[in-house]
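Dock chain B against chain A, hints included.
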Amino acid sequence: MIAARIKQLYRYRHTLREMAVSQLKTKYASSILGISLALINPFLIAAAITFVFTAIFKVEIKRFPIFVLSSIIPWTFFSNSLSETAVCILNQQNILRQFNLPREIIPLSSVLANFLNFLIGWVIIYPVFLFFKPKIVFLFPHFLVVIFANLLLVIGLGMIISVLNVFFRDIGNLLSVILMFLFWITPIFYNENMIPGGYRWILNCSPLKPFIIYYQRVLYEGLPPDLLTFLVVIFWASLALISGFYFFLHVESKLLKRI
Amino acid sequence: MAIVKFSDVWEMYRLKLIIEGKVYWENFWALRGVSFDLGERETLGIVGANGAGKSTILKLIMGMLKPDRGEVNISGRVSGLLELGAGFQPELSGMENIHLNARLFGLGQKEIEEKLKDIIDFAEIGRFINAPVKCYSQGMFVRLAFAVAIHVNPDILLIDDILAVGDEHYQRKCISRIFELKEKGKTIIFVSHDLNMLNRLCKRMLFIKDGRIVKDDAAEKIISLYTQTIGIKEGVGMLEKEPLNIVFNNGSLLINWQDKLLTPNSGIYASFFLFNKSYNSLSAEWTVNKENESTLTAIGKFYKLGISQIWRVEIAGNHEIKLNIELNFTERPEIKEGYLNIMLTDEYVRWFTAIEEGEFPNIRCQDRNWKALLENDISRKCIGIKGIDAPGANIPPLIAEQNNYSLATRTQIYNADYITNCRVLQYKIADLHKNLPKERDCLSFFSGRILLNVSDADNYLRGKEDEFILSDGKLRLTFENGRAVLCYNGINLTKANHLATAICIKGQWHFSNSAHWEVKKENKKKLVARGNWLGLPIEEIWEIEITGNSSFIWKVNLAIKEEAEIEEQYLCLMCSEDYTYWFSDYGRGLFPEYFLESNMDMLQRCIPEGIVGIQSQSNPMPSISVRFSENLNNFAKIVNSDFHNRARILRVQRVESEKDVKFLPGEYACLDAEVILDEDTHIHIDNSVNILQNNKLRFIFDKGKGQIYWGEKELTKRMGLYTSLRSKGRWHDSISFAIWKIEERNKNILKTYGKWLHLPIIQCWEIKVIDGKFIDFNIKMKVEKEIEVDRLQTNLMLLEKYSHWLTDNARGPFPLFKGNVDDDWDCIYNRENDCGYIAVSDGSVPQGNLPLVKLISNETDSDCILNIVNSDIYHRGRVLQYLNPKYRKIPTGEYDYFSGKIIIES
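Heads up: the sequence lines are chains A and B, in that order. This note's numbering puts the last residue of the first sequence at 269; the count rises by one with no breaks. This note's numbering puts the last residue of the second sequence at 922; the count rises by one with no breaks.
Only chain A is shown next, with the shape it has when bound in the complex (with noise of 0.2 Å):
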């Protein structure tokens, strides 16, 4: 059943794709800097949190802005996405009722387009990470595959969330919080050998951890992510994913009579 809904969506890929331009094209249409927020955006975090934790509050950590730049961007990627999954399907409800496309076209699209400013952000800033450390140009298919795995983990969450929140709309409203505790435990501006032993249990709470351990080595450290870190992600990936689906289609007929 799965192989079929696949195929399906393969041949709406074209539409998907429109919907995800679209999204974006609406997302800058009034504004100037336009697609160049992309890239602002994380630098303007990154810069804040650069100015709290080394002028307030004294991490030791070498080279800290690239440390932080390294991590921000993906974490921005996922915090984005999963919020506006979260009320895709609530906004676009009148495509539902009129069109017969496959469902999972909505979310999808919706992270497509976050992924699409992701790719874009990568591009202007991954020189800036080869300026510093020129070696890790060999670490460049591990890099991938840690982007790949980032989409699919994204994917997954975004169609269970897109879902739950038409039946519970408070998730919508929780979002922001949890995101917000998800942002202070994993450690993106923070070492994780920085946090006392007994409490590194919670940093595993995370589902992103292993995915910013990953960016962090492939992209501050220059070295090669180890072997664990690499499994975890790659567990975490196909298992967002697959459960994700699984639930989306499960639920799908529900879903239809809630619009």
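In case anyone wonders, no lab produced these hints; they're calculated from the structure. Ideal placement from N, C-alpha and C gives every residue a C-beta, glycine not left out. Heads up, some of the hints might be wrong.
Unchecked claim - Okay, derived cross-link-like pairs now, DSS-like style, lysine-lysine, Cα gap no bigger than 27 Å in a straight line:
1. Lys-763(B) - Lys-744(B)
2. Lys-264(A) - Lys-511(B)
3. Lys-133(B) - Lys-35(A)
4. Lys-82(B) - Lys-17(A)
5. Lys-38(B) - Lys-267(A)
6. Lys-264(A) - Lys-225(B)
7. Lys-511(B) - Lys-387(B)
8. Lys-150(B) - Lys-37(A)
9. Lys-264(A) - Lys-82(B)
10. Lys-267(A) - Lys-32(B)
11. Lys-133(B) - Lys-264(A)
12. Lys-267(A) - Lys-82(B)
What the hints assert, rightly or not - Simulated restraints, written as ranges between beta carbons of each label pair:
13. Lys-72(A) - Glu-127(B): 31 to 41 Å
14. Gln-187(B) - Ala-57(A): 57 to 67 Å
15. Gly-44(A) - Ser-294(B): 53 to 63 Å
16. Glu-127(B) - Asn-201(A): 54 to 64 Å
17. His-24(A) - Ser-294(B): 44 to 54 Å
18. Leu-266(A) - Glu-347(B): 34 to 44 Å
Just chain B now, kept in the frame of chain A:
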């Protein structure tokens, strides 16, 4: 092979109910056991009350819902027009949205490119196509959305009442597109509340109520079931008497006969014009009160206007519907015209009245406007409509009858346009505002009845008019509203307007068929009819009495209520074109074979006394002779009608001799004719031609007209040699306005005198033919009472072939004929009368076939001039004229009028 198949489908929604702060969940079954099949190329309509489950069915077909129980089988590509404009991004331009939306519909890249231009053209948005959709007006938005949606090429098309929005132009376009798709053989499912559209589009319909299919049947039956059960409850009422079933629904009356809707669309409804805006009964607010099993009263209020309409509908027997409509108002409204429209199914193909009948042509796609079928928009009491005369066709003939009453009503039958697609019978009630009764505040708008399935409807109408039929032996006269049909031995001798009258008051002509008539039949052979025109202070009274088994007398009198200026009056008999020959004591001849296109052809202008008549070559038609009274200043005319009517007309006419004569109130006898029919068809012989001849020159005098022949060839044309004078603005010529008698006649001299009809003068003509070359003539005028004249003319009209004119000191060619009949003739040359000559020639040197014709006056008279004139297009003749143009009053006495010579030189 079914394309859509529903098998026992049940669909449930979970409803959340919040009562007093507590939340309850309820299972709501939107569909209960719905089953139907739909094959290829079928159009299905779905009607039902709001919330009956229609949209749920559509969603199931779309695939958006899965049935909770039962099965839905769809084959083919489905496309729905459920919510227009879904997926439109407001920030993006129209063009970008077209691409996006087309993709959402599932069109591929190539298809989009092919159809892009068509979509843009259909939407008619212009250059705004490149502007963001958020700034579109609602109309533009809807047009764009529909344009994209209609260009998807599905096998199954679902339409959910989206045509409720948009202006008329848009609606028409959408509707014609949908029809096109239907023609292409797509399966269409249409959900709507517009019964008219459903009837046009679908042959089969489903009526859904509370999730169940109540009926799955042919469109007409479902519509009549729907109108009876749904509709605004208050304004609906129903009366029934097998097999007749009437539904009054908010201002329109629908008639069903054995489950068949005879009056589709808006049924029977009334409309009127007030302050140049049109209002109809459908837009009023109605309350219906059923008084008993066979009568209902409905009151419709037009709140903004302060007018209410009261309809009383009664079923009498099981074939008759009586309808009475009244208007009540608080202040007198300026309603000029009102209409009662009866829309009938296009299965009716023939219409007929007591004296005419015709067929309805088929309504085609190109017909965008209503087409009127009756020639004269006049008042008819009864009109009948019939369906095809075939066994198995079960459409009952229908007769609409209006009760006699005082408002002038015109009736008209229309073929409606393609989208409305029906026949319309219309009663137009004119000049309502002139007839508002001064004291009362209500007005009778229409009162009549509709009869259905009358056996032998044709004869019913004729029989109905028995009140207006006179007969004796083979002769039968039927009077219908200002026209009387003359029938002998079963054959109609008259046509078009039959026997009718006309009267000219203050320059305006009024015909008897536009008056309102009251008829009283005194006995089987005599009737008296009184006709009144709205706004005219006169009443015309006809007395028709049959005096033998083939003759009758027809008198026309006038009763004048206020001072009126009556200029002319006539009665006429318009007879069948089978009549080929006319005769009188003053002329005779054959009717021309061809009719003029738009004018009437006056054959004999004036027959002052005696008998005038027509005869036919074909046997069964009797000759018709009319003897008319001289006393009343009547005279007769024979006219060939125009191409349109194709009739021979006998007229008895009366012209007031002076202009601006006012008639004081009273009763006057005006026209008096005795009509005699004679089966014996012998031709009257004539013996009153007068010929003078000398060698090749021949002069023929015929009742005030002289003709000149050179050998066998006639040199004069039409009016020939004649005199005419103008007095007080009117022309009196010797041909049409005088009676001639021969005084003396021998081989060379002819003396004749003519007495003018309207002027107290007598002209004596003395004509001599000398030497085969000269015609010498001498005209004297005897005046009996003083007259005022301003033109005294002697004219010689010659052939058109005379292309050049000459005098002793000038010459020239004739120009082309200008002007219409009766326009002023074109004077080419004039000279003083100094005994010179004026002449015409045919222009060839040496002299060609035609001899030179010269006109010379014997005496000089300083007042007179000689003219050479080109006549109008009708007469096409060259005229040599001797004219005295001085205005003077001529006292009693004898005078020389003209003395001159006509010289023929060859």
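Quickly compare the C-alpha distance for Lys-264(A) and Lys-225(B) to 27 Å and report which way the hint goes.
-> Judged against 27 Å, a Cα distance of about 25 Å means the pair holds.
Assessment of proposed distance window 57 to 67 Å (beta carbons of Gln-187(B), Ala-57(A)) | holds (59 Å)
Proposed proximity, Lys-82(B) with Lys-267(A) (alpha carbon, max 27 Å) | holds (10 Å)
Is it true that the C-beta distance of Glu-127(B) to Asn-201(A) lies inside 54 to 64 Å, as the hint says?
-> holds (56 Å)
Note whether the CB distance of Gly-44(A) and Ser-294(B) lies within 53 to 63 Å or breaks it.
-> Check passed, 56 Å falls within 53 to 63 Å.
Lys-264(A) paired with Lys-82(B) [C-alpha distance capped at 27 Å] | holds (9 Å)
Determine whether the Cβ-Cβ distance between His-24(A) and Ser-294(B) falls within the hinted range of 44 to 54 Å.
-> The hinted range 44 to 54 Å holds for His-24(A) and Ser-294(B), with Cβ atoms some 52 Å apart.
Given the hint that Lys-267(A) pairs with Lys-32(B), does the C-alpha gap stay at or below 27 Å?
-> At roughly 12 Å apart (the allowed maximum being 27 Å), Lys-32(B) and Lys-267(A) satisfy the hint.
Take a look at whether the Cβ-Cβ distance between Leu-266(A) and Glu-347(B) falls inside 34 to 44 Å.
-> violated (59 Å)
27 Å Cα cutoff - pair Lys-82(B), Lys-17(A) = OK: Lys-82(B) and Lys-17(A) at ~21 Å, within 27 Å.
Is the straight-line distance between the alpha-carbon of Lys-150(B) and that of Lys-37(A) 27 Å or less?
-> At roughly 14 Å apart (the allowed maximum being 27 Å), Lys-37(A) and Lys-150(B) satisfy the hint.
Does the structure keep Lys-264(A) and Lys-511(B) at a Cα separation of 27 Å or less?
-> violated (78 Å)
Of the numbered hints listed earlier, those contradicted by the structure are 1, 2, 11, 13, 18.
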